[in-house]
Every structure is written in C-alpha cells, then in structure tokens.
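Colleague: Let the sequences and hints guide you as you build the complete structure.
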Amino acid sequence: MSNSLVSRAIYRELIWVVLSLGVFLFFAWLTGYWAAILILYLALYIVRQVWSLYQFEAWLHGDSDAVAPSSGFWQVLCFFISRQRRTLERRAELQNSKSEQFHAASMALPIAIVSLTKNHKIEWFNNAAQTLLSIKPSDTGRKLETLVRQPEFIQYLKQKEFEKPLFLEAFMGQTRTYRCEIFDYYHGHRLLILEDVHELYNLAKIRKDFVANASHELRTPLTVVNGYLEMMIDMTDQIPDFWEKPLGQMHHQSLRMQAIIEDLLTLSKIESDTLVNAIKVVKVDEILKNIEVDIRYLYSGDYDIHFSIEEGLTLKGVEEPLKSVFTNLISNAFRYTPKGGKISIRWFSDTLGSHFEVEDTGIGISKEHLSRLTERFYRVDTARSRESGGTGLGLAIVKHVLERHDSELKIQSQIGKGSVFRCDFS
Amino acid sequence: MQKKEFSSHISNQLNRNLEELFNHILEMGGMVENQLDMALSALENADAKVAKEVIRFDKIINQAEMEIDRLCIRVLARQQPAASDLRLILATIRIAIDLERMGDEVCKLAKLVIKFHKNDPGVCANYAGYAELVDITTRSREMLKVTLNAFARVSAEDAMSILDQEDVVDQVYAKACKNVTEQFKKNPENVESLLEVMTALRASERLSDHALNIMESIIYLVQGKDVRNMDQERLTKFLEKI
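Residue numbers (the numbering used here), protein chains in the order written: chain A, 1 to 426; chain B, 1001 to 1242.
Honestly, the hints are just simulated from the structure, not real lab data.
Just so you know, these numbers come straight off a predicted model, no measurement behind them.
Treat each hint with caution, since some may be false.
Said to hold, decoys possible - Here are the simulated SDA-like cross-link-like pairs (lysine to any residue), alpha carbons at most 25 angstroms apart as the crow flies:
id	chain 1	residue 1	chain 2	residue 2
1	B	1108	A	136
2	B	1049	A	198
3	A	136	B	1139
Modeller: As structure tokens, this is what we get:
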C-alpha cells in the first residue's frame, strides 16, 4: 500500500511538473525568452516547495486552522505521520486506561497505602489511608510525621531498616491494633502500609488464653485420677488379676496426658512475654554435663553415646526453657534411634557463635515433613510416636524458645541414615 | 503575609533549620497527645499503672521543650530570620511552652488516678464531677489534635474550628463545679477526695485553654495578627474577615 502511495505521489508530482513546465515552455516559445522563463519556472517550483514546507510545519504543530499541504510528496508524508500519530495515541490511551485502572485498584484496597519520598513527604495515598490517617488530598507534599504524630510511629519511620512490621495497639485515638509496615520501592521511594488487624490479633490472644486456661484447669482433675490409679495399682492383692492390665494402661495414658498438659503450659508460658525479663548468663556446659550423667545412667548399655562439651562456654538467655530445648532434642534422638545406634551431642563455638548439635543414626525424616516438624502435634508416623511416648509438643517448644533467643532450629536428615539437629546461637 | 512552604529561601540551611523546628514541635505535640491518650485510658479504667507511666513520660516532654528552645536560639543567632520566619520561631516557642504546660496538667490528672487507687481502687468513677472530668479531657484531646493538625497544614481556618469546643468545655466545667460544690455541702466527710476531683477538673479545663493558646499562636503565625487580647466581638469580626 505504501509503495503504491509513493508511486502515486511521484506520478502526481510528475504530472504537475510536466503540465506546468508545458505551459511555461509554451510561453517561452511564444515570447522567445527561454532563459528567463526557465528561471522563473525554477523559482516558482522552489516557492511551491517552501510554501508546502511552511504549511507542513504549521500542520505538524497542530495549529487549529492549519491544513495539511496538498502538493505531491508532502501529502504522502503527512499521511504517514498522521497514521503513526494515531497508533501512538491509541497506545497512550491504552497505557492511560491501564494506569487509571491500577490507580482505581489501589484506591479500592481496604488497607491504607501511602507513598512517601525519601524525606517522608506524602506523594499519594488511597481512600483507606485518607480515613485511617485522616489526611486530605491537599496534604500531598507535607511530611507524614507532622500529621501522624504518634511517638512510636515517628520512631519507626525514622529508622533506616524496616525488617519487622510495627504493631500499634492504639492509633489516631482508636484503641484497635494496627499493623504498620514500610517497604522501599521505585528509586528510593517508600510505601507505607497500614492494616487493621484487631480481629486477628484478638483471635490469637483468645487462642493463647484458651490453651493456657484449659490446660491449667485440666491439670488438677488429672492429678486426682492419676493418684487413685497409682493407689489401685499398688493394692494388687485386693484387685482381681483381670484389672491389672487395664489399670496399667490407664495409668500409662494418664501420665501421657499429664505430660502433654505440662508441655502445653510450658508453651503458653513461653509465648507470653514473662520469660524475656529474666535474661542472664546460662552455664550451658554445666547443664549439659548434668544431662550427660542422666543419659549415661539410662542408656549407656544400649547406645554408643558421645558427648563433647566445650568447657566454660556460656550463653545469654533464660535457663529453664533452654534446658528443655536440650533435653527435648536429646530425648528425641534416643526415641527415634534403634538400639545399638550412635548418638553424639556437641556444644562448641566458632567464629560465627556457639552451636548445639545432636547427631543420631536413627530412622531419619523425609524431606516433606521437615518444614512442618515444629508444628504442634505434628506426627511423621502417628502410630510409632504415640508408642514411644512423645507429647507431640517437644519441637514446638524448642522452636519457640529458640525464637526467643534469636536462634533457629536447623535439621538435616536422611531416611534410614539418621538426622542432625542444630541450633546456632550468635 | 501568608506563611509559605519551606523551600522559599535562597539559603538552604535556613530552610532546613526551619523545617526541622517545625517537625520538632509537631513531634513534641505527638508526645503530649500520646500522654493525654494514656491519661484518658487511666482515668476511664482507674489504672494506676498507666497513670505512673504518664508521669514518667512528662520528663521526655520537658526534654523536648528544651531541645526546641535550643533550635530556636540557633536559628535566631545564625540566620536572623524576618517576617513569617520570625513569626514561626516566636509561635514555636509559645507553642512549646503551652505543650509543656499541658504535659504538667496531664500529670495532675494521672496523680488523681494514683491517689484514688491508693485509697480505694475502683470507686473514683462514683464521685461527682468524674463524668465531666472525662468529658472535658476528651474534648481537650480533640482540640489539641485539631490545632496540631492545623499547625501541620499551616491553616488558620482549621485552627479556629476549636472555638465552639472551648465554649462547650466552659459550660461543662461550670456544671461540674456546681455538682462538686453541692457534694461538698452534702458529704463533708468526702472533702479530701472532692478537692482532688476539683484540682483535676481545673487541670483538664486548663488543657483546653492551652489548646486555645496554641490556636492563637497559629493565627499569629499565619495571619501575622495577635488575637490574644481581642474580646469576643472583635475576634469574631476578625475571623469573619479571613
């Protein structure tokens, strides 16, 4: 199409040239001033082109009464340009509608979003932010901390790194819990996100309280049941033989229940903040030596036990929970390692910090279970773990305690070969 | 006459210093707001623990005031600002003083809670004037919020919206005083507690007065006109003009 357009333009220009030249040549033939007429013609041709150029420029700038030049090549040029323009316009329109849609979406979000510059000046925000922070569209360009003046919030805004979200228990005169988070985005700009998490927060609190209260209430009746069961077992001569086995089973199960309740109480104690207050130096080497004595007494015939404890290596933390971390990990190793296996426990330090490690040659854990292992009551093999007497809460306790000590449980395991449980303390 | 944004000076240093001053005063305002919130929740729940927190918080506010004074002196000594910038500094000093006084008044409220908690926990809500006390404090809190927002937006119109609130506070205060005096006559054995309530009522009423002072400072900053000594008529006339 463009080819035919170009050829048509050439064709029309040629016709124009031939016709006008014919007229001029005729005049020249009539008058005989060949040179003068030819020069005149050349001048006319140049004027025509310059005029077209002038028209073209006016048209290109979009003057309202400007008309596209109609002569020869110029017309074709105009046609190409206007076609290009239309595609560009269409694309811009598309972009525009897309960005408008994006804008509308961010406006409709129920969480408050505020975009800030590096100096915390407000750039734009959505409707939720408008109501939550009570800012107005005219506040664009003002500093956010002049309008949202809560001290904790200002402090959070001033810091350089925003790793943890900030939870505000009361905000802008409302006693609800808000979750506030700031992200860096788009060349040093910052995105503030504020969300009302009051319901969630309350639910979590109710759950924690419920578990703590329920376990506490269950403990007393269970102690009574347990006590009487023990008494009955002791009075073997007065009880028919038939009841001996059921009583043993009942006693066993009630002890298990007691263990679970104790663990639940420990967990809820760790979850509440009471533990953080008592941080002091914990002599881990001594704790582990005491555990070693017990372990050797219990298992030395059945297992190949290796303890390697670095003398004098201590840790800052809370003693009781840490003790339960060590006992939990060690007793797990014995529980899941068949008799005759090798278990080594190490407590050592290097340039990265102190490490506690339990290695066994037990049954191992397959990969899909590893991520869920620290969930409460999560069982890899339900039947086996009930039998072995675990409560299902041990690793959950370990995880929570380690979190409180800024540490993490790392597990490496291979089915049939054994597992390594490691805690790195910095 | 109008106060402009902080980028109108050729001297970058002056721009920065003035903006820093502006941010500091609002940060201090935020502290007082926070303190007032805590005091309110202490009043409503008769929580002596929160009340003690309120009194401890007052020290931080006093330090903030000193810091603002230091900044003001620095700008005055180094840059010798004029016109709206000079007014900003004057207004800042005045607002800082008002805020600091507000912090002290809030402490008085907290002391009431602590004293009542010591004597007989949980009964302070039964005393005459207690409901009014909470009412006045809540209104003062709202007034402080509005004035500080007006300061952040450098808007005299916003600041003036608290004038009606001040009238309401005065009415509630008068009513509360009447109630308490009646109780004085009826239950002379409760004189000590009632005196405490009276002191707290006075403190909470002062809170709203300080909020009003801040409003006047803002009008001075924005309009360049001192409205402190105007009587009601002239004030309304002036306000209608702008």
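Colleague: Hint by hint, say whether it matches the structure.
Modeller: Now the hints, each set against the structure:
For the suggested pair residue 1108/B and residue 136/A, the alpha carbons sit about 35 angstroms apart, so the restraint of at most 25 angstroms is broken. For the given pair, residue 1049/B sits about 23 angstroms from residue 198/A by alpha-carbon distance, which is consistent with the 25 angstroms threshold. Taken as a hint, the residue 136/A and residue 1139/B pair is honoured in the structure, with Cα atoms around 22 angstroms apart against an allowance of 25 angstroms.
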